[in-house]
Amino acid sequence: MSQFTINMIFVVGSFALYIAIAIWARAGSTKEFYVAGGGVHPVMNGMATAADWMSAASFISMAGLISVGGYANSTYLMGWTGGYVLLAMLLAPYLRKFGKFTVPDFIGDRFYSSGARLVAVACLIIASVTYVIGQMTGAGVAFSRFLEVSSDAGLIIAAVIVFMYAVLGGMKGITYTQVAQYVVLIVAYTIPAVFISLQLTDNPIPPLGLFSDHTQSGEPLLAKLDAVVRDLGFVDYTADVNNKLNMVLFTLSLMIGTAGLPHVIIRFFTVPKVSDARWSAGWALVFIAILYLTAPAVASMARLNLLNTIYPDGTANAALEYTERPDWFKNWEKTGLLKHDDKNADGRIQLYNESPAFEATATERGWKGNELTVNNDILVLANPEIANLPGWVIGLIAAGGLAAALSTAAGLLLAISAAVSHDLIKGSINPNITEKQELMYARISMAAAIVVATWLGMNPPGFAAQTVALAFGIAAASIFPVLMMGIFSKRVNNKGAVAGMLAGLVATCVYIFTYLGWFFIPGTNQLENIPANWMFGISPLSFGAIGAVINFTVAFTVSMLTAPPPQHIQELVESVRFPRGAGQAVDH
Amino acid sequence: MTVQQEQAQAYWQANLRLIIGCLVVWATVSYGFGIVLRPWLVGITIGGTDLGFWFAQQGSIITFIALIFFYSWKMNQLDKAFGVHEE
Chain A
1 MSQFTINMIF VVGSFALYIA IAIWARAGST KEFYVAGGGV HPVMNGMATA
51 ADWMSAASFI SMAGLISVGG YANSTYLMGW TGGYVLLAML LAPYLRKFGK
101 FTVPDFIGDR FYSSGARLVA VACLIIASVT YVIGQMTGAG VAFSRFLEVS
151 SDAGLIIAAV IVFMYAVLGG MKGITYTQVA QYVVLIVAYT IPAVFISLQL
201 TDNPIPPLGL FSDHTQSGEP LLAKLDAVVR DLGFVDYTAD VNNKLNMVLF
251 TLSLMIGTAG LPHVIIRFFT VPKVSDARWS AGWALVFIAI LYLTAPAVAS
301 MARLNLLNTI YPDGTANAAL EYTERPDWFK NWEKTGLLKH DDKNADGRIQ
351 LYNESPAFEA TATERGWKGN ELTVNNDILV LANPEIANLP GWVIGLIAAG
401 GLAAALSTAA GLLLAISAAV SHDLIKGSIN PNITEKQELM YARISMAAAI
451 VVATWLGMNP PGFAAQTVAL AFGIAAASIF PVLMMGIFSK RVNNKGAVAG
501 MLAGLVATCV YIFTYLGWFF IPGTNQLENI PANWMFGISP LSFGAIGAVI
551 NFTVAFTVSM LTAPPPQHIQ ELVESVRFPR GAGQAVDH
Chain B
1 MTVQQEQAQA YWQANLRLII GCLVVWATVS YGFGIVLRPW LVGITIGGTD
51 LGFWFAQQGS IITFIALIFF YSWKMNQLDK AFGVHEE
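Respectively, the protein sequence lines represent chains A and B.
Quick note: the first sequence, position 253, residue 253 per our numbering, numbers continuous.
Quick note: the second sequence, position 35, residue 35 per our numbering, numbers continuous.
Hints are computed from structural coordinates only; laboratory data are not their basis.
Note that the structure is a prediction, hence the values are computed from the model and not measured.
We put the CB at the ideal spot given by N, CA and C, even for glycine.
Incorrect hints may appear among the rest.
What the hints assert, rightly or not - Have a look at the derived ranges for each label pair, beta carbon to beta carbon:
| no. | chain 1 | residue 1 | chain 2 | residue 2 | range |
| --- | --- | --- | --- | --- | --- |
| 1 | B | V3 | A | Y112 | 36 to 44 Å |
| 2 | A | Y112 | B | Q9 | 18 to 26 Å |
| 3 | A | V549 | B | F70 | 21 to 29 Å |
| 4 | B | Q77 | A | G336 | 31 to 39 Å |
| 5 | A | A563 | B | L23 | 27 to 35 Å |
| 6 | B | V3 | A | A447 | 31 to 39 Å |
| 7 | B | L16 | A | K339 | 49 to 57 Å |
| 8 | A | I290 | B | Q77 | 52 to 60 Å |
| 9 | B | L16 | A | I9 | 14 to 22 Å |
| 10 | A | R491 | B | F70 | 27 to 35 Å |
| 11 | A | Y112 | B | Q7 | 23 to 31 Å |
| 12 | B | V3 | A | L561 | 34 to 42 Å |
As the list claims (entries may be wrong) - If we take Cβ atoms under 7 Å as the criterion, some of the chain B residues that face chain A in the derived model are:
| no. | residue |
| --- | --- |
| 13 | Q9 |
| 14 | G34 |
| 15 | Q57 |
| 16 | F64 |
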């Protein structure tokens with residue numbers, strides 16, 4: 001059987017499963033559409049949250065980033081998991097007790113202001129739309145590589161599949177498909193990792209293999225990797241970083257951004273009780289950690305495998321001849337994500353770091369520049385091929401990558417459609433619509449969001465990576481602080497909340513746009529995006545944490561200068577703090 | 001203040017103390033051991049590297065899980081002790 005047929009079987013089989021689940025779990029009421037009826041078991045919700053959260057970025061890109069950055073990119077590992085501690089303790093149980101359908105619902109009621117609700121809707125839509133573009137393009141890449149269709153055709157297939165189960169099933173359909181998608185993606189991620197860990201360290205558990213001895217050399221794996229990359233002029237894999245302030249702020253931005261992302265928060269509205277919301281956050285992190293503890297092992301082992309392939313006789317000897325390159329090399333060359341340029345015309349593939357310190361060694365060895373460029377994103381997808389694993393593992397990876405992208409896209413689309421139908425149409429424009437009409441509007445806005453996301457995926461603004469940073473920045477600087485203040489302070493009022501959200505949002509956007517271009521249009525940035533230009537060495541990606549501090553400060557100052565919230569709002573705050581009396585999520 | 005209100009205030013104070021305690025641990029393992037304090041931990045080796053690297057890539061994630069389950073367990077006890085648990 002050809003590799004193409006195997007991939008087809010895995011991808012089509014997993015899609016048939018998702019659609020079968022969607023038909024079984026159709027939504028009949030707004031409550032089923034927005035919060036899956038409010039009766040999802042906390043462990044199952046944890047699994048669905050894990051699939052909802054782990055996107056194409058976690059599945060495809062993260063290990064590649066760690067592989068290249070080593071210790072310095074541990075920020076992603078800590079940042080994308082630490083947010084769940086904040087969610088479990090500072091947001092999820094109280095928002096579940098409040099018991100409404102959406103995040104702007106809480107902000108609008110707590111700050112007794114339709115202005116606050118609208119600002120929250122705007123922040124939610126900007127954050128979610130930018131995020132969904134990345135998922136759709138990720139799905140397109142996976143389709144084009146494994147099913148040999150064009151990336152656009154792949155995108156349309158992905159859109160149709162999401163349309164079928166998200167529009168039909170709403171949160172109910174999405175919840176059960178996400179559980180299935182979690183199983184597919186985690187199996188796909190861990191199986192190749194187990195094989196590779198066995199090959200390199202004889203340890204079948206990748207997170208333990210990472211800190212074990214490399215079988216071939218007898219040295220610890222990380223010490224071996226450090227030595228190999230050092231020989232090629234790269235910084236040590238485990239080397240410390242100098243700019244600790246930026247590393248701390250970047251991690252903090254990712255953590256509070258994670259806790260503030262609406263599509264993650266609304267998953268905690270689906271469990272029956274307040275105590276379930278707390279447990280569910282713990283289960284979500286357990287399921288996420290299975291991938292996040294495997295990723296750093298995959299990252300280091302794949303880097304070692306790649307360098308061993310390029311220097312089969314060790315880094316001190318000649319590099320691989322281009323004519324002897326393996327099949328996976330040829331496959332990925334076709335996609336343009338792997339490029340070889342024989343600069344010194346010796347017919348070999350020299351991979352090294354062109355740093356001034358290494359120039360003398362390179363000249364001595366007759367090298368005229370690094371000849372191999374590898375896109376970070378191919379690492380996880382190419383991993384099974386690099387390690388010579390059987391064909392079915394490659395088919396599994398294809399299905400897993402698509403599951404990761406589609407599950408996150410569906411969660412984001414639900415958050416967007418709920419904000420439009422529930423908060424914008426029912427909450428602001430026409431509160432008198434019936435439940436049936438609201439359900440129809442929810443489905444129409446979801447369909448519209450899919451069309452917009454697909455179009456943006458086909459015409460990517462060329463800044464997918466930066467826009468994801470914007471999504472986290474907005475969630476961190478606007479949504480998280482206002483939710484937290486709404487629960488933990490009785491004094492913060494409507495004016496303070498609106499001023500705080502706007503100040504955090506504007507400051508973060510201005511800082512990001514100053515370095516990355518206004519609305520990401522190339523050439524419109526005032527300052528070049530290099531560390532020397534950053535204020536106090538803070539990169540635009542790390543600014544969300546500063547935006548959050550600005551939000552807190554402005555909100556408190558404005559609130560103190562204006563009248564305290566009315567009595568019934570203070571009672572509302574009081575009531576969300578105590579679990580007793582939490583019914584199921586209600587409409588109004 | 002009624003007895004009930006006093007109970008409620010005591011419950012909320014206990015929750016805040018618990019949250020602060022958990023967040024101190026949360027910050028210590030990630031921002032502390034994983035980032036800022038790493039240079040002071042280089043002496044402690046683990047699998048070919050130092051303890052700070054382990055906290056940055058594994059230790060903090062494992063601690064986060066333990067923290068959430070500890071908090072949930074402790075809060076369930078508090079809910080019952082102060083009589084604010086769900087029926």
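Does 27 to 35 Å hold as the CB distance between A:R491 and B:F70, or does it fail?
holds (30 Å)
Do the beta carbons of A:Y112 and B:Q7 sit within 23 to 31 Å of each other?
Since A:Y112 and B:Q7 have Cβ atoms about 28 Å apart, the given range 23 to 31 Å holds.
Is the hinted range of 34 to 42 Å satisfied by the C-beta distance from B:V3 to A:L561?
holds (36 Å)
Are A:Y112 and B:Q9 spaced within 18 to 26 Å by their CB atoms?
holds (24 Å)
Was the hint right that B:F64 lines chain A, CB cutoff 7 Å?
Holds, about 5 Å.
Outcome for the supplied range 36 to 44 Å, where the beta carbon pair is B:V3 and A:Y112:
violated (30 Å)
Given a hint of 14 to 22 Å, does the C-beta separation of B:L16 and A:I9 actually sit inside it?
Check failed, 54 Å falls outside 14 to 22 Å.
Is the hint on B:G34 kept, meaning its closest Cβ partner in chain A is under 7 Å away?
Status holds, d = 6 Å.
Does the Cβ pair A:I290, B:Q77 satisfy 52 to 60 Å?
Given a distance of about 28 Å, which is not inside 52 to 60 Å, the answer is violated.
Can the suggested window of 21 to 29 Å be confirmed for the beta-carbon pair A:V549 and B:F70?
This hint holds: roughly 28 Å between Cβ atoms.
Assuming the hint says 31 to 39 Å, is it satisfied by the Cβ distance from B:Q77 to A:G336 or not?
For A:G336 against B:Q77, whose Cβ atoms are near 58 Å apart, the range 31 to 39 Å is violated.
Between B:L16 and A:K339, does the C-beta distance stay in 49 to 57 Å?
holds (55 Å)
Comparing the model with each earlier hint shows violations of hints 1, 4, 6, 8, 9 and 13; every other hint is respected.
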